[in-house]
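Engineer: Using the sequences provided together with the hints, build the complete structure.
When we follow full-length UniProt numbering, the leftmost residue of the sequence shown carries the number 1, and every step to the right adds one.
Watch out, some of these pointers could steer you wrong.
[Stated by the list, open to error] Estimated spans, in silico, between C-beta atoms of each pair:
id : residue 1 : residue 2 : range
1  : 40        : 118       : 36 to 44 Å
2  : 6         : 40        : 13 to 21 Å
3  : 28        : 132       : 22 to 30 Å
4  : 127       : 63        : 13 to 21 Å
5  : 61        : 158       : 30 to 38 Å
6  : 61        : 164       : 38 to 46 Å
7  : 5         : 81        : 34 to 42 Å
[Unchecked claim] DSSO-like mimics (lysine-lysine), calculated; alpha carbons at most 30 Å apart, straight line:
id : residue 1 : residue 2
8  : 160       : 5
9  : 82        : 43
10 : 163       : 121
11 : 43        : 160
12 : 9         : 82
13 : 163       : 5
14 : 160       : 9
15 : 9         : 163
16 : 82        : 121
17 : 43        : 121
18 : 160       : 82
19 : 82        : 5
20 : 9         : 43
21 : 163       : 43
22 : 160       : 121
23 : 43        : 5
It should be emphasised that the hints constitute simulated quantities derived from the structure, not laboratory data. Backbone N, C-alpha and C define an ideal beta-carbon position, used for all residues, glycine too.
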Amino acid sequence: MIEEKSIIKVGMADLNVTSNPNSIRTTGLGSCVGLTLYDPHLKLAGMAHVMLPSSDIAREGQLNIAKYADTALPELFERMLKLGAERRRLIAKMAGGAQMFAFAGSGDTMRIGPRNVESCKEMLVDLGIPLIAEDTGGNYGRTIELDCETGVLNIRSVQKGVKEL
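Structural biologist: This is the structure we're talking about:
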């Protein structure tokens with residue numbers, strides 16, 4: 001029997017989980033961070049497309065928990081656990097967090113990409129999940145796709161071509 005492979009898409013300020021034989025993808029990572037969690041035993045993958053570092057700055061009426069590192073990562077972690085993942089088996093990989101534009105003298109507020117990366121790393125430490133690979137920073141956009149069969153994270157960008165983590 002041939003298994004039907006699907007690509008599960010994760011939009012901006014979105015998160016999702018899937019399992020083998022599928023893969024999970026997000027596009028348009030500039031200053032946003034694409035963070036993946038993977039359980040190699042279950043071949044279970046989760047991905048969050050994080051736009052901002054902290055929900056403290058939220059202005060919307062209904063909070064979109066997938067938009068912020070401090071709310072998206074715990075939610076993604078909980079969804080993985082509900083599907084049988086175990087914390088001790090989970091590994092994380094991430095990409096994005098670019099500084100897309102140069103701002104003269106604007107201080108920390110315009111460092112969205114680097115702050116997203118820092119916030120994601122802090123949340124992973126809080127959750128006790130090791131970050132085993134990353135492709136962050138720079139000044140270019142990325143598309144990422146995690147293969148549930150292999151756990152390989154493919155990163156595509158116009159400037160850098162294709163990279164595997």
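Engineer: If a hint holds in the structure, say so; if it does not, say that too.
Structural biologist: Against the structure, the hints:
Look at residue 40 against residue 118: about 27 Å separates their beta carbons, and that is not inside 36 to 44 Å. Roughly 20 Å separates the CB atoms of residue 6 and residue 40, a value that falls within the hinted 13 to 21 Å. Judged by the Cβ atoms, the range 22 to 30 Å given for residue 28 and residue 132 holds: they are separated by roughly 24 Å. For residue 127 and residue 63, the Cβ-Cβ distance of about 20 Å falls inside the hinted range of 13 to 21 Å, so the restraint holds.
One distance hint, 30 to 38 Å for the beta-carbon pair residue 61 and residue 158, holds here, with the actual separation near 37 Å. Take residue 61 and residue 164: their Cβ atoms lie about 41 Å apart, and the range 38 to 46 Å holds. A hinted range of 34 to 42 Å is violated for the C-beta pair residue 5 and residue 81, which are about 25 Å apart. Our distance criterion of 30 Å between C-alpha atoms is met by residue 160 and residue 5, whose separation comes to about 27 Å.
Between the alpha carbons of residue 82 and residue 43 the distance comes to roughly 14 Å, so the proposed pair stays at or under 30 Å and holds. A distance of roughly 21 Å separates the Cα atoms of residue 163 and residue 121; the hinted pair therefore holds under the 30 Å criterion. A threshold of 30 Å between alpha carbons decides the hint, and for residue 43 with residue 160 the separation of about 28 Å falls inside it, so the pair holds. For the hint pairing residue 9 with residue 82, the CA-to-CA distance comes to about 20 Å; that is within 30 Å, so the pair holds.
The suggested pairing of residue 163 with residue 5 holds, with an alpha-carbon distance near 22 Å, which does not exceed 30 Å. Between residue 160 and residue 9, the direct Cα distance comes to roughly 22 Å. Compliance with the 30 Å bound is thereby established for this hinted pair. With a C-alpha separation of about 19 Å, the suggested pair residue 9 and residue 163 falls inside the 30 Å cut-off, and the hint holds. With a C-alpha separation of about 23 Å, the suggested pair residue 82 and residue 121 falls inside the 30 Å cut-off, and the hint holds.
Distance restraint check for residue 43 and residue 121: the Cα-Cα separation of roughly 23 Å lies within the 30 Å cut-off, and the hinted pair is therefore satisfied. A hinted pair counts as satisfied when its Cα atoms are at most 30 Å apart, and residue 160 with residue 82 does not qualify at roughly 36 Å. For the given pair, residue 82 sits about 22 Å from residue 5 by alpha-carbon distance, which is consistent with the 30 Å threshold. Restraint check for residue 9 and residue 43: satisfied, since their Cα atoms lie roughly 17 Å apart, inside the 30 Å limit.
Distance restraint check for residue 163 and residue 43: the Cα-Cα separation of roughly 21 Å lies within the 30 Å cut-off, and the hinted pair is therefore satisfied. Restraint check for residue 160 and residue 121: the C-alpha separation of about 24 Å stays at or below 30 Å, so the hint holds. For the proposed pair residue 43 and residue 5, the alpha carbon gap of about 14 Å is at most 30 Å, so the pair holds.
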